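Chains as they are written, first to last, in the numbering used here: chain X, 2 to 366; chain L, 2 to 366; chain S, 2 to 366; chain C, 2 to 366.
Possibly wrong hints are sitting among the right ones.
Same chains, same names: a pair is fine if it fits in one copy or spans any two.
[Claimed, not checked] Under the rule of at most 30 Å between Cα atoms (straight-line distance), these lysine-lysine pairs were calculated in the DSBU-like manner:
#1 K44 x K144
#2 K164 x K179
#3 K44 x K179
#4 K164 x K308
#5 K144 x K179
#6 K144 x K22
#7 K164 x K44
#8 K308 x K44
Because the hints were derived from the structure by calculation, they are not lab data. From a predicted model like this one, the values you see are computed outputs, not experimental measurements.
The primary structure of each chain is shown beneath.
Protein chains: 4
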Amino acid sequence: MPGNIFGHSFRITTWGESHGKAVGVVIDGVPAGLELSDTDIQKELDRRRPGQSEVSTPRSESDTVEILSGVFEGMTTGCPISMLVWNRNANPGAYDYLRDIPRPGHADLFYQKKYGIRDHRGGGRSSGRETIGRVAAGAVAKKLLSHYGIEVFAHVTELGGVKAGNVTFTDIRENVEKNPVRCADLQAAERMLEQVRRARGEGDSIGGIVEIIATGVPAGIGEPVFGKLDADIAAALMSIGAVKGVEIGAGFECARMKGSQMNDAFVMEDGHPVPETNNAGGIIGGLSTGLPLICRIAVKPTPSISKVQRSVSLAGMRETDIEVRGRHDPTIPPRMVPVAESMVALVLADQMIRGGRINPESFLK
Amino acid sequence: MPGNIFGHSFRITTWGESHGKAVGVVIDGVPAGLELSDTDIQKELDRRRPGQSEVSTPRSESDTVEILSGVFEGMTTGCPISMLVWNRNANPGAYDYLRDIPRPGHADLFYQKKYGIRDHRGGGRSSGRETIGRVAAGAVAKKLLSHYGIEVFAHVTELGGVKAGNVTFTDIRENVEKNPVRCADLQAAERMLEQVRRARGEGDSIGGIVEIIATGVPAGIGEPVFGKLDADIAAALMSIGAVKGVEIGAGFECARMKGSQMNDAFVMEDGHPVPETNNAGGIIGGLSTGLPLICRIAVKPTPSISKVQRSVSLAGMRETDIEVRGRHDPTIPPRMVPVAESMVALVLADQMIRGGRINPESFLK
Amino acid sequence: MPGNIFGHSFRITTWGESHGKAVGVVIDGVPAGLELSDTDIQKELDRRRPGQSEVSTPRSESDTVEILSGVFEGMTTGCPISMLVWNRNANPGAYDYLRDIPRPGHADLFYQKKYGIRDHRGGGRSSGRETIGRVAAGAVAKKLLSHYGIEVFAHVTELGGVKAGNVTFTDIRENVEKNPVRCADLQAAERMLEQVRRARGEGDSIGGIVEIIATGVPAGIGEPVFGKLDADIAAALMSIGAVKGVEIGAGFECARMKGSQMNDAFVMEDGHPVPETNNAGGIIGGLSTGLPLICRIAVKPTPSISKVQRSVSLAGMRETDIEVRGRHDPTIPPRMVPVAESMVALVLADQMIRGGRINPESFLK
Amino acid sequence: MPGNIFGHSFRITTWGESHGKAVGVVIDGVPAGLELSDTDIQKELDRRRPGQSEVSTPRSESDTVEILSGVFEGMTTGCPISMLVWNRNANPGAYDYLRDIPRPGHADLFYQKKYGIRDHRGGGRSSGRETIGRVAAGAVAKKLLSHYGIEVFAHVTELGGVKAGNVTFTDIRENVEKNPVRCADLQAAERMLEQVRRARGEGDSIGGIVEIIATGVPAGIGEPVFGKLDADIAAALMSIGAVKGVEIGAGFECARMKGSQMNDAFVMEDGHPVPETNNAGGIIGGLSTGLPLICRIAVKPTPSISKVQRSVSLAGMRETDIEVRGRHDPTIPPRMVPVAESMVALVLADQMIRGGRINPESFLK
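Bound conformation, chain X alone (with noise of 0.2 Å):
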């Protein structure tokens, strides 16, 4: 079975490639009678463009959305939403040199090998331009969480091995969008914006780390034993090009911890048994608990770097050097806020529908 659906009860396919026509998405699972508009879709979108400051590559794109079906005189439908995106900037003869030879970090040997071809023009399909289709899936997803009181948001707490200190959730949703390494820390996001600068003088990328959030989540989300939540979570997150490593709550921090200090002794709240502390990070057994979720992913440095680095010939089936000119991001995690969202906002979309907190048919009964 291919792998460019993602979801069950909420399901997205998305396809493209960084240089082909477009790139897009369609939904199928949305209940009808949700409002949504071009400009909800836009604003996640923009979030994630490129070309808005030193930290992101300067490609210029508008990724201007189109919904293309399954909304109706303002409103969904319950049809399959289709959304595309034009590539407008497109240079692929600035990638003719890759045809031949493999970027190191990048997916372009394997795709080879896999499919015996392969599109070279900026990576294909295993471009960061496929998350586009995640991004404008996830605003539908988010918009459709906000109703029931479900907020997700992110923010970079490391960056090039600097450590945000810690935030509130308030700081996170009042500093994230003000400085271009969406830190919540302002002090260490100017320090992250240091390495930043620092790597792309000397050709270089830095890694870091993305925590996502998820607050009002009702307790008992998630299907055991293989649709647990955090299952999906880390398949969704996974999914993303360039994480490696995805956790929730304490983490791996656990693996340190005594069971008499991880556990989330219980208590009484407003009447009803809740969690009094949250090493779970707002998942037991695969359910929700309640408390906000919080998961964190390691992403690794963009491996589009300026420096020579050893390849191959394809074609001559020889050792080579390379050097990836061209456009590109000096780190990863700053854009990858809205993706990593959007993939946890999609994961509950899912699992709310599935377990029946939302009607799956309709808003409007």
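Using the hints, position chains L, S and C against chain X.
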């Protein structure tokens, strides 16, 4: 959509509760013509069986598998393979006090919130005993993969804060079953065992890290962009109870690396271009690179501890104390080794068939 | 992708061969809080059980069901329900001659071609005995649906060329279990029985038609455009061995009708717009109309006949004769009644959950 | 789970409404290395395009396809293929009167009941225009299958009560595009055309039967027991609007046959055992037999008729009359020929990949 089915082309359905009649699994998608006997399954079940050492629960179960279908005259037929293990040492009465009081760190409260009812006996479906089905199916996947030169093995690399030193694949293969904590660094194993004893003495528990390796995986396995090999592995591993993090290759460490450090350069080897190093952990762009697949999971300390904890009475809707009596493991990672191997093997069997590398119908044609 | 799983939100996996150890099913997706006992299942299995009259095979099986999981203190828990029936009257030796010679009209030869191996004993997986899992799962679906006012029942409308006269739903409910051919027109039933006796006397077999009805299905069930209710029903019914045709409402007769005859006009009833007639058979545009769902299947004559037929020796790769000895039904439609009901009930349970009409988690909230 | 995705290993997602901006499809699972151009798609779309003769609606659409992704330098890449057709001759205002009054025989009322909202313009999603996506995807499936010697074709065998005489496969291939009713018996075609004219003159419509044939299908395709080839075909064909019945081979006629008549004896041919006759229609036990696959569908008369019919006003919740004005086909079967072919081709492509007969990754390896 409910969640008890895993995989696409090699699909398993697990069923059963800790203190119900039996636990089991049905596998749909094993090609015909594979020699298979109870022994192939039993040897893996014996590795996860409780009561084998001081690091595991004293619950005594022989965990004897019965193959009920899909095998004819010692060979798979292409039809579903149903396997079960009867629960013999069930002692449900021992859990009566849990009917009212959910255990911190366990799924009890959240099953109750989701389903409005729960089988409280030993955690019911959320018990580690559910992994019997996974391991039985994993044994079939491993045997299938072995015909294609793929081997999956795992070891404990950290336990209670004790980290293992560097070990070779040979060390792992040779040492891991020699000590009860399944650590390939035998000196570290001693210190880990000390930690287990200390925790047990304190009525507490400890967490750790398990590393899973798969060798022999050909390049190009994985289905972009949502069925990527790492996405499937992340879901598979995160779906195991107590796992709070998954990382591939350099994992979270990549957040502190530069592109020039992280990227694996390509070199020619035996006339084929391959990565020279393996920071990627055998997966780039969601596709296998041909190098060993390397991933790690963070395993939280066993939530069942005999120390007094705070919880709530569901009947009284008031706070109360709980001491989790009865049989439980002081640490989970050693017993998780065969489970984690199984999940990776299941993903690989699935992806090998999906990618056309294993014929889905039969070996015999 | 293999094929032994059916459904999406109410999913079943069947397993087992005619002369293996057992046959069974796992259901994933039964909401918690449904009262369920062996008796609920057994009464349906008893309806499909062989050896009950002169129209069925004399193979004697008690077909006693065991529920192994997913039910706790008489109530479903939301966890998978595993059920099995042991094969007791298996007589595999009786089938030795089939090892070499495939039976015309049976799947023997084609399983051999597909899988390169087959369990030749009584057809193995392709035996009618496989339907035990379907009927056991169907019993759960029926019980679930009954809570929503949906009832599924079926009757034989034609057998060996004898057509039943018009009957009311009441006739069907009252008469269908009163005669071995399960025909609600008791006079036609007599003539059908004559046809069965004649065919049996000739060592031959006869085909027929079964009509399945579901009352109480609310309007709007079905998932356009590929998960339409009629598409799912067609797949469900065509997946039963020996079924060669499926029709809904006017069915094939619609080919000879005009639009003005076929269209069901809308009228107001109790303040709601509804179709006045039911040529559509309760489904338009893939959605239920609120009127009774009516469908029919064409069932071929039992392929196992004792008359001499021409076949081939697989060992010798030459033509030879075959007489299918042993126990078999002279006609299938009467025993197919509970099977066909089950498949329609499974589709309806699935679609009711998919459409949000049944809460997927629990009755108890 | 919503329903706009079809297939497993060759999966399509269709989207779009009759009078929205566009209609389209995304195919996930086309192996890399297939030569593909707009022309391959366009020639099939041209066969289903309206406005071509007196038997179809006068709506004039060029239905020009655009391939947006998944094809690079004339060859498929293994990535999703997105295709769309802009709606140009949309005339939504013509449908204003349908906002309030659902058309008998159409899905209007039931979309309203399901979703609480509907795009009333020309039936919205339930329009026959939705089949453009099916035919575009079917064109790719056909091209893929042609590389394996599989050909799918269809013809009208009955229309308005006129039955075609026996025709050979050659007759069908040669004659079907020679007359507007797509009947291979040219004399019957004349009489069918008379029936169409008469119905049109009366403001009425007529139904008919379409037979679909696939030659070259190898033996053993299909996935027991729920993914049987006939089950998938039944679902595929029944999912087309206006289809009320599906039969395979002898179909409903088998109800009147004896086992000794129905069974296809086995003979040796070119050293292989094969069925001598084809009452089975190329499928036994859900597996292809190697003989031509033959199936038929019953197509109801077009529900849009200009005769006065009774319906209801949804605003007023009272009964009223309706005359369905505007452009519509007086009969559907002729235009359904390419659609039905497409659905069968989609199933075969899917099952060929599922069975390992087509490499899912690439032709090029």
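Hints versus structure:
In this assembly of identical chains, K44 and K144 lie within 30 Å of each other by CA distance solely inside one copy; the values are 12 Å within and 41 Å between copies. Only within a single protomer do K164 and K179 lie at most 30 Å apart by alpha-carbon distance; the minimum there is 18 Å, versus 40 Å between protomers. In this homomeric assembly, K44 and K179 come within 30 Å of each other (Cα to Cα) only inside a single copy, at 16 Å, whereas the closest approach across copies is 53 Å. Taking the shortest alpha-carbon separations for K164 and K308, only the intra-copy value of 26 Å comes in at or below 30 Å, while the best inter-copy value is 35 Å.
For a Cα distance limit of 30 Å, the shortest separation of K144 from K179 inside one copy, 22 Å, qualifies, whereas the shortest one across copies, 53 Å, does not. Proximity of K144 and K22 under a CA criterion of 30 Å is satisfied in both settings, with 28 Å inside one chain copy and 23 Å between copies. In this homomeric assembly, K164 and K44 come within 30 Å of each other (Cα to Cα) only inside a single copy, at 28 Å, whereas the closest approach across copies is 46 Å. Proximity of K308 and K44 under a CA criterion of 30 Å is satisfied in neither setting, with 35 Å inside one chain copy and 49 Å between copies.
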